[in-house]
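Protein chains: 2
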Amino acid sequence: MTAIDDPSPGKSPLHALLAPDSVAVIGASNNPAKRGYKAMLGLVRGGYAGTIYPINPKADAVLDVRAWPSIDAVPEAPALALICTPAATVPELVESCGRRGVKGAIILASGFGEAGADGARLEEEMLRRARACGVRLIGPNTSGVFNLHHRLNLLALDRLQPGDIGVVSQSGNMLLSLALEAEHHGQVGFSTYVGPGNQSDLGFADYLRYLGEDPATRVATLYIEGFSDGRAFLDTARRVSATKPVVVYKSGATAQGQRSASSHTGALAGSYPMTVDLLRQAGVSVVSYSDDILPVAEGLGRLQRSPGRRVAVIADGGGQATIAADRLAEAGLELATLAADTRKMLAAVLFSQASTVNPVDVAGTTDDHPSLLATCMEIVAADPGVDAVLLVGMFGGYARRFDESLADDEMRGAEAMVELAGSGDKPVVVYSLYAPARPPALGRLRQAGVPVYDAIENAVNVLAALGDRGAYLDRPLEAPSAPARPGPRGQDLVANARHEGRHLLEPEAKALLAEYGIGVLEERLVRDADELAEAARAFAGTPVAMKVVSPDISHKSDAGGVALNLEGEAALTEAYADIMRSAGEYAPQARIDGVLVTPMAPQGVEVIVGLMRDPTFGPVVMFGLGGVLVEVLEDVAFRAAPLSRGDAAAMLDQLKARRVLDGVRGAPGVDKNALIELLLSVSRLMEAYPAIAELDLNPVIAYPDGYAVVDARILLANDVESAP
Amino acid sequence: MTAIDDPSPGKSPLHALLAPDSVAVIGASNNPAKRGYKAMLGLVRGGYAGTIYPINPKADAVLDVRAWPSIDAVPEAPALALICTPAATVPELVESCGRRGVKGAIILASGFGEAGADGARLEEEMLRRARACGVRLIGPNTSGVFNLHHRLNLLALDRLQPGDIGVVSQSGNMLLSLALEAEHHGQVGFSTYVGPGNQSDLGFADYLRYLGEDPATRVATLYIEGFSDGRAFLDTARRVSATKPVVVYKSGATAQGQRSASSHTGALAGSYPMTVDLLRQAGVSVVSYSDDILPVAEGLGRLQRSPGRRVAVIADGGGQATIAADRLAEAGLELATLAADTRKMLAAVLFSQASTVNPVDVAGTTDDHPSLLATCMEIVAADPGVDAVLLVGMFGGYARRFDESLADDEMRGAEAMVELAGSGDKPVVVYSLYAPARPPALGRLRQAGVPVYDAIENAVNVLAALGDRGAYLDRPLEAPSAPARPGPRGQDLVANARHEGRHLLEPEAKALLAEYGIGVLEERLVRDADELAEAARAFAGTPVAMKVVSPDISHKSDAGGVALNLEGEAALTEAYADIMRSAGEYAPQARIDGVLVTPMAPQGVEVIVGLMRDPTFGPVVMFGLGGVLVEVLEDVAFRAAPLSRGDAAAMLDQLKARRVLDGVRGAPGVDKNALIELLLSVSRLMEAYPAIAELDLNPVIAYPDGYAVVDARILLANDVESAP
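If you're matching them up, the sequences are chains H and F in order. Using full-length UniProt numbering, the first residue of the first sequence is number 1, and each one after it goes up by one. Using full-length UniProt numbering, the first residue of the second sequence is number 1, and each one after it goes up by one.
Each statement offered as a hint is correct.
Straight line, CA to CA, 30 Å or less: simulated DSS-like cross-link-like pairs of lysine-lysine:
1) H/Lys-11 with H/Lys-244
2) F/Lys-34 with H/Lys-344
3) F/Lys-656 with H/Lys-672
4) H/Lys-656 with F/Lys-672
5) F/Lys-344 with H/Lys-34
6) F/Lys-11 with F/Lys-244
7) H/Lys-656 with F/Lys-656
8) F/Lys-58 with F/Lys-34
9) H/Lys-656 with H/Lys-672
10) H/Lys-34 with H/Lys-58
11) F/Lys-656 with F/Lys-672
Just so you know, these hints were derived from the structure itself, not from any lab.
Using the sequences and the hints given, assemble the complete structure.
Encoded structure:
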């Protein structure tokens, strides 16, 4: 057995815990109502082959297994301890495990951080002692673990099949739900399950890493309410998703759901749209509905990816063909355009009233010859314009619907579909009305790894996930850019502002941006009549904007500190006086450094660029269209920094209103490359200056050629070590 | 039996066809591959109690029922004929039915309008003959009909249960899918099914009217690809939905789906968002996913409505509680805020670690006492702040999950839930992980009319449909307004334009609007220097816009016919000359009536109002926010005219970006009442002038007090009888 402090580089310590030679069950019980009974039952009934050490000072045996009065009394150091006792007893027991040489413990009890301040103190105490004595912790407040290929089942769940789906779920009921679904669909099996609970020590990133390394797992499936370390999870997800699919359902899509999640596991949910964007950036397949989790995991586990998004649909009824066409379009998939030859070959085997335009509708041809559906699938799969094949309709139910004698022909069809699925890289997915009845032909498909679904929506979402994953794996890989460094001027500006205990002034922010090649409008800071006159001359013939500059005034408009569209020295002089007077009245104590004069930016498309340091995900870049409507509709894209060029381009493409960037109503399109460069520069800036807590460029005006940053705001962190 | 020409007012002729005393099966066959065999099988096996007349010139009997050589030979006039023969034979056979006194025929054959021009001619011929001889038609290209309470089953579908769900589906496979789902869920039964096929004669409106009148049907459920007469359907839906729920799944949500539907039934799909808005306006419950059809129909059929949208969730696991909270919020439902007393009563029966904040999480309390879930449901149902109760989790599976001895307590819980559901008007809905296993406790719930679902998404969508229906039924009813009449000036303007064979000029359009009390900006049409000088004086001190007025120039900007923001007589004179020259160059032959001078509208919120006559739904009003983003995001609302005040208000509330109307970023809100009046006026205008084909007010600028119509375009129909 691998020791927990396995020195082999990159190997997760969890292998030792989740495939243990021996397990101590602390709190093992003969009382069927106790967790310590159920865990013992799961081990014994599940056929666990290692040694079980029930720990119970009052019993000689638990479920006929010899019991021990304490962990100190057992004859060897168990590889894993399962602690089934109440919260208050746990810190002490963890310490005793450490003394006995146990390297990992699973803590079932709730009543820790999720239960309030007292519980949080208890959790800290437990973690402190665990760290001190070298025990890694799963939980507390965990629903348990299983590893079916090792016959380790601490949940006492019955009727589980070993398979290739690994699951980590912050809800035990969700695991139960997946297990029951798997049972009802048949042929769907699991590898390892972990309930991370409060993630005191080990968290989602650790479990994902383990599933990534576990050879029995072909797809990692996670139900997540909140992360302990989101950045670590993204890093792990990026590594794992390069070799196997990672499926995540993230709860807390709404404020209402976030409150519920927080009361459940004490986890901070964070912004849902941001979380989804960052997970997808790391190659994760995010599903939006809980009833998509198992279908998508099954489909990705078996088929892994699709070469593209062009789907051919073979249907034996027009209604389902139409529904499939709708759902495919909504999911971002295309109905493949079939080649003339393909259509000819279809026409040769189908009735004349059949439609050979995709979605292909056999229009009754197969009523007494269902295996012809497989022939149609073979024909479309051979078309180079087709990336994936979806069969929708009655297949599997012909014998029942029409005549029992058709059962043999259906089975022949299933065999042909199995062969087709195994012969190339184009996914074959089946939706059947008869899936819930589990007829033999569909059983044959499932058993051979062809996914069969009982809802078109599921089948389409699987194809979308396969297409997304294919595109993710096919994306051009970019060489990592050189680490970003701060420039000399920027370093001084930041150090100076920090010294003065303030954020950057607008001209300072723009100077810093300019040092990173970010295009800002020409500007002049004026402090007296002479400088004002000079600015008026410099910008003669161009309308200008004037804005007060003060470390004590952040809402310049409220302070009457902004004037727009000014032309001519007289207008500038009047505006200068107005601004100084208004600002003085608004904040009599404010230090006023002057007034910034900039040319008015010509009309263009307003966009916004933001940067923040998220408490769980670290530096994140945000991009959106500006203006009031997008603020209301929240049409923005997020990516974790540092950005790749592909990430930046994807941010532009992701907006629902992206057509505005291409030019609408006769307006020209904007310079997307310039915006991509802007996002990359901003990402580098964030990397170079750990002292920058937040950055807002709002608005940036994008033009057919370049862009102009009209307003820039840079906030510094209070708690960062002196800026580099 | 009711005769088809039943003189009782308002009674659908379909009662005679769908509950017939006798049926002739034309093309009845002993060959199991033929439709004429399956139809006979359905009748005989289904236990049809009326007389069956198989028509087959070559057989003495079909399925042991005496056969007849032709319809002329049968000894009485059958109430219904089922025609199973190929398309080409149908017109002749319909005529023979008419001769024999048959009042209705069901045409199974395809190969009519959906198959191209030849088929369309055949369909016209069939309809012509049917009308001439008084035979009503179901189909052609229909999947058939059943009426389970009458034991009439022409589809030979097995294992159907009689029940209260009426179905009309343009896809036979969709009916099959619903039937199989119903079988797998248990306890879900059907009343009547009709496949409308091409709707040559009878269409969706007729079938819906029948289901509305049918006492065995508690919910009408329709799968629709396209309408033959959308306006008739809306009228019928409004009447039926006043007394029983109408559930519609409309396919063709995407262009891809519309093309597929059109190749399937030849139906024109129309705009999907418009169709959904109009259906909802008529009280229809529109479902977005095909796998919601049966759950929503079942839930609405059994529970009919909810008094409100505040849902209390009882959960035995945090994960599903959180998912339910998310889905409820997304569906527009609220988590009810539980009263302090309610929470105290919950706390008194639950463990201390349970959450008594909605969603209530029992946190293990019920593991050995599942009927306590019913107690919790009773407690929250008694809270006046709760409109509906949703149970999520393992109920029904406790015996299997924990201990078989719990089965009795689960059944006690089920009985208590049944009693609770029957005791008030608050819907009780159950989601259970164990629903697919159909344990006895869940069977008891279903059998007693408490819906049980196997996906949270379904359960939540049912509650949303119940809440929507409650709100629809509770909406204030408005007295019908007096019929709108054209004004004298408008009549002249329209008559004159029609006489000249042109649409209305902008000043004419605005004059017509003004006659209906619609606020347009003051404006002057100038045709020479004197009028221009007078206009300059009249608008002195206000910037103005100038626009060319010509019946031959519809794109004024393209023609250089627009100038904005002009001030002072000199500027106006220059702009006038420019516009006349540019327009002359752009269209040398154009008649130019002058230039319209209007004050520039002050800044406000841009909205658009449109009116069109849809080919299937008739006059429709459209409302949206103006500007480029909304054009891109297509955030608009539709209602069939004439509008009620409630309809108009709902259009404003429906926009995703509706917050803009309330004022964002410090801007004041707009005068919603004025916009509602505008929509009502526009609706009256459409009613008063059948000659108006299309009307666009774009933009209208909305203010905190009133609005201004900046541009108005009114197109007249070519083919309308002379305007009133």
